[in-house]
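Enquirer: What follows is the residue order along each chain.
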Amino acid sequence: MSQTATPDIDIDRSVGDFHYDTSYEFDAGVGLSSKTVDYICDVKGDPQWIRDFRQKALKIFESKPMPTHWATEDLENIIFKNIRYYLSKGQVPKRTWEEVPEDVKRTFERLGIPEAERKFLSGVEAQFDSEAAYSNIKAIVAEQGVIFVGSTEGLHKHPEIFKKWFGKVIPTTDNKFSALNSAVFSGGSFIYIPPGVKVKHPLQAYFRINAQNFGQFERTLIIADEGAEVTYMEGCTAPKFETATLHSAVVELVALKGAKIQYITVQNWSSNVFNLVTKRGLAMEDAEIKWIDCNIGSRLTMKYPGVILKGRKARGEVISIAMANSGQHQDTGAKMYHLADDTTSNIVAKSIGIGSGRSTYRGMVHIPKHLKGCKNNTECDALLINTNSRTDTYPAIQVRGNKNSVQHEASVSKVSADQIFYMQQRGMTEAQAMSLSVNGFVNDLVRQFPLEYSVELKRLIDMEMEGSVG
Amino acid sequence: MSLIIKDLHASIGERQILKGLNFEMKPGKVQAIMGPNGSGKSTLSKVIAGHPDYTVTAGEILLNGENILEMEPDARARAGIFMAFQYPSEIPGVTIANFLRAAVQARLPEGELIDAVEFYETLYAKMDMLEMKREFTTRFVNEGFSGGEKKRNEILQMAMLEPKFAILDETDSGLDIDALRIVSQGVNKLKGPHMGVLVITHYQRLLNYIVPDEVHVLMNGRIVQSGGKELALELEAKGYDWIKEDSLVAA
Ligand SMILES: Nc1ncnc2c1ncn2[C@@H]1O[C@H](COP(=O)(O)OP(=O)(O)O)[C@@H](O)[C@H]1O
Ligand SMILES: [Mg+2]
Numbered sequence: 001m002s003q004t005a006t007p008d009i010d011i012d013r014s015v016g017d018f019h020y021d022t023s024y025e026f027d028a029g030v031g032l033s034s035k036t037v038d039y040i041c042d043v044k045g046d047p048q049w050i051r052d053f054r055q056k057a058l059k060i061f062e063s064k065p066m067p068t069h070w071a072t073e074d075l076e077n078i079i080f081k082n083i084r085y086y087l088s089k090g091q092v093p094k095r096t097w098e099e100v101p102e103d104v105k106r107t108f109e110r111l112g113i114p115e116a117e118r119k120f121l122s123g124v125e126a127q128f129d130s131e132a133a134y135s136n137i138k139a140i141v142a143e144q145g146v147i148f149v150g151s152t153e154g155l156h157k158h159p160e161i162f163k164k165w166f167g168k169v170i171p172t173t174d175n176k177f178s179a180l181n182s183a184v185f186s187g188g189s190f191i192y193i194p195p196g197v198k199v200k201h202p203l204q205a206y207f208r209i210n211a212q213n214f215g216q217f218e219r220t221l222i223i224a225d226e227g228a229e230v231t232y233m234e235g236c237t238a239p240k241f242e243t244a245t246l247h248s249a250v251v252e253l254v255a256l257k258g259a260k261i262q263y264i265t266v267q268n269w270s271s272n273v274f275n276l277v278t279k280r281g282l283a284m285e286d287a288e289i290k291w292i293d294c295n296i297g298s299r300l301t302m303k304y305p306g307v308i309l310k311g312r313k314a315r316g317e318v319i320s321i322a323m324a325n326s327g328q329h330q331d332t333g334a335k336m337y338h339l340a341d342d343t344t345s346n347i348v349a350k351s352i353g354i355g356s357g358r359s360t361y362r363g364m365v366h367i368p369k370h371l372k373g374c375k376n377n378t379e380c381d382a383l384l385i386n387t388n389s390r391t392d393t394y395p396a397i398q399v400r401g402n403k404n405s406v407q408h409e410a411s412v413s414k415v416s417a418d419q420i421f422y423m424q425q426r427g428m429t430e431a432q433a434m435s436l437s438v439n440g441f442v443n444d445l446v447r448q449f450p451l452e453y454s455v456e457l458k459r460l461i462d463m464e465m466e467g468s469v470g
Numbered sequence: 471m472s473l474i475i476k477d478l479h480a481s482i483g484e485r486q487i488l489k490g491l492n493f494e495m496k497p498g499k500v501q502a503i504m505g506p507n508g509s510g511k512s513t514l515s516k517v518i519a520g521h522p523d524y525t526v527t528a529g530e531i532l533l534n535g536e537n538i539l540e541m542e543p544d545a546r547a548r549a550g551i552f553m554a555f556q557y558p559s560e561i562p563g564v565t566i567a568n569f570l571r572a573a574v575q576a577r578l579p580e581g582e583l584i585d586a587v588e589f590y591e592t593l594y595a596k597m598d599m600l601e602m603k604r605e606f607t608t609r610f611v612n613e614g615f616s617g618g619e620k621k622r623n624e625i626l627q628m629a630m631l632e633p634k635f636a637i638l639d640e641t642d643s644g645l646d647i648d649a650l651r652i653v654s655q656g657v658n659k660l661k662g663p664h665m666g667v668l669v670i671t672h673y674q675r676l677l678n679y680i681v682p683d684e685v686h687v688l689m690n691g692r693i694v695q696s697g698g699k700e701l702a703l704e705l706e707a708k709g710y711d712w713i714k715e716d717s718l719v720a721a
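The listed protein sequences derive, respectively, from chains A and B.
First residue of the first sequence? That's 1 in the working numbering, and the numbers climb one at a time after it.
First residue of the second sequence? That's 471 in the working numbering, and the numbers climb one at a time after it.
Calculated from the structure, these hints are not laboratory results.
One or more hints might be untrue.
Said to hold, decoys possible - These stretches of chain B come out as covered by chain A in the derived footprint (C-beta under 8 Å, 3 or more residues): (1) 502-515; (2) 554-566; (3) 571-577.
Note that CB positions come from ideal geometry on N, CA and C, so glycine has one too.
Generate coordinates for the entire structure from the input sequences, incorporating the hints supplied.
Expert: Here it is, written out as structure tokens:
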């Protein structure tokens with residue numbers, strides 16, 4: 001179980017699609033059993049309670065059926081016994097880029113991470129396959145008592161905070177993939193913001209899959225103490241491999257009284273990645289959790305960020321953009337559980353279907369009868385760029401009682417041949433014309449993003465469109 | 471600089487619409503094509519621009535001696551052909567500024583990025599010339615525009631893209647007198663030795679404002695009569711029927 005070299009892969013023009021041959025110090029081998037889990041625990045030096053937690057999760061994972069009764073049959077194509085569950089060059093991330101192994105450093109340089117860090121970030125964690133290769137937080141932020149480390153370091157060094165919230169927002173039993181993640185999780189961020197601290201610039205994590213037949217299972221836990229504020233951003237890429245790759249993260253957010261967490265994802269998975277992620281936040285009194293979720297690429301994405309509105313006047317928001325190109329299925333949505341009076345939630349989901357790409361919106365808004373003064377607004381818009389595209393909407397809004405208000409709107413529009421011709425007549429290529437239409441469609445959402453991320457999203461849309469014509 | 475159309479035959483579906491059309495656009499000139507509804511005027515402009523719905527079954531369109539029929543619409547546009555649409559499309563969520571920016575960017579060599587400051591300077595100068603308010607640039611392309619605003623937007627694009635040959639398809643339709651005057655003034659300011667303008671219209675009215683050097687009549691898929699600007703007045707007075715007979719005699 002060591003020194004596995006990955007085969008060479010051709011470099012293609014798209015930014016995330018390159019690969020370096022590298023070797024791994026630690027490799028759990030192929031397939032999943034309680035031995036795999038033990039291997040991971042041993043390598044990480046996990047405490048007994050985590051070992052027990054993992055082993056129990058493995059049993060739950062094995063006992064749960066694939067959710068194909070409501071989700072796509074394509075899930076059956078994930079062959080768990082062919083996947084590698086842990087690959088790393090070492091468990092301790094470096095604090096400076098100089099110390100990061102050369103090939104890994106080059107990977108992140110090509111992805112622009114060190115540059116972004118210098119320019120506009122408070123801290124960065126860069127994960128390469130199973131472990132973070134680099135993790136650093138600016139001194140000025142650390143001095144405020146902000147903790148920003150990987151999940152392993154979090155549970156080792158800050159057990160009192162970690163243990164209190166870990167697995168509490170998303171129980172292991174939540175779904176088959178949250179159970180899988182709980183069994184083999186590695187990497188991801190642990191963040192704690194002390195009371196009243198408002199982190200000025202975003203913290204960023206970057207998740208990079210480099211190996212073939214591999215599963216990346218990061219685990220992120222963010223706790224904003226009373227009145228604290230933080231923005232966390234994550235980016236993801238993987239090269240194009242011949243075989244399927246799995247990415248199955250669990251992300252838990254806790255916003256205590258009056259705290260604000262904004263979680264931004266811009267993912268650009270290659271078209272062989274199964275991306276099955278569970279994300280949920282817990283918002284206490286007067287707290288606010290906002291998920292901004294941009295899903296581009298992947299073979300299948302299933303992701304429904306949610307907020308449990310537990311305290312009075314808590315606010316939850318999901319802003320989601322999903323783009324499904326030919327051969328891709330974006331099954332995304334949002335979940336809002338209202339558990340207290342005067343809680344409000346807002347969902348705006350925009351999907352773009354291109355060619356035979358398929359997008360599905362699944363929502364869940366739950367407001368029980370005994371509550372009053374709750375509000376939900378749900379808006380789902382789909383844009384189709386080709387008549388073959390398919391879009392489905394399952395809003396599922398369960399609102400009981402009459403002291404609450406709910407608003408739901410949905411629309412489907414198409415980019416017509418006449419629109420494309422009009423733009424081409426102005427000199428834009430077909431791809432540029434489609435890009436411009438897509439950018440217009442998501443324009444009102446993108447304006448809410450930090451500038452760097454709106455630029456990144458626009459670039460990804462351009463690239464995706466270029467690949468989809470001719 | 472020349473745009474020459476030779477023996478052009480074009481159809482949509484099974485239907486033959488242009489049936490051996492010959493025409494030459496001339497730089498520095500304003501030419502008008504008139505013709506009754508359904509005679510093929512919009513078809514002609516769309517075939518020149520390369521609309522994918524139309525099939526050219528015979529003939530050529532030569533831009534500076536080169537046949538452009540195999541070129542994509544965007545390549546034709548970048549080569550200097552501009553068409554002001556009779557019914558311009560809405561592009562939701564895309565501001566006029568961003569739309570124009572994308573169009574100007576598309577004309578730059580690969581890898582070269584538009585200079586935003588210079589772009590806005592040019593844009594505002596052209597808008598001043600066309601007496602347009604700056605706020606206009608923040609509106610979404612053609613969304614909720616009045617007929618007049620749509621046509622002014624087309625003229626603004628023409629001003630920004632500086633084509634060599636501009637075809638204005640029924641730019642007067644749906645305009646009241648005030649809007650007609652404003653749009654025409656815009657065209658009159660932009661015309662000049664560097665550009666050929668083809669005004670396609672079915673009423674003579676527009677030609678009071680944009681005075682053509684030549685007037686041609688399109689009927690039944692061909693140019694059947696040509697003359698000076700007085701021909702437009704004659705058509706206005708007598709209708710198109712007398713030409714039909716004339717051209718039959720000629721044929
Ligand atoms: N999509 C179409 N399918 C079939 N016939 C069409 C189509 N579009 C236009 N036509 C027909 O082609 C002829 C010419 O149309 P057009 O070029 O728009 O005329 P004009 O602009 O001179 O009014 C008309 O008879 C019209 O009905
Ligand atoms: Mg017409």
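Enquirer: Next step is simple, just say for each hint if it's right about the structure.
Expert: Going through the hints against the structure:
1. 502-515: Check failed, 0 qualifying residues.
2. 554-566: It holds, with 8 qualifying residues against the three required.
3. 571-577: holds (count 4)
Hint compliance for this structure: hint 1 alone is broken.
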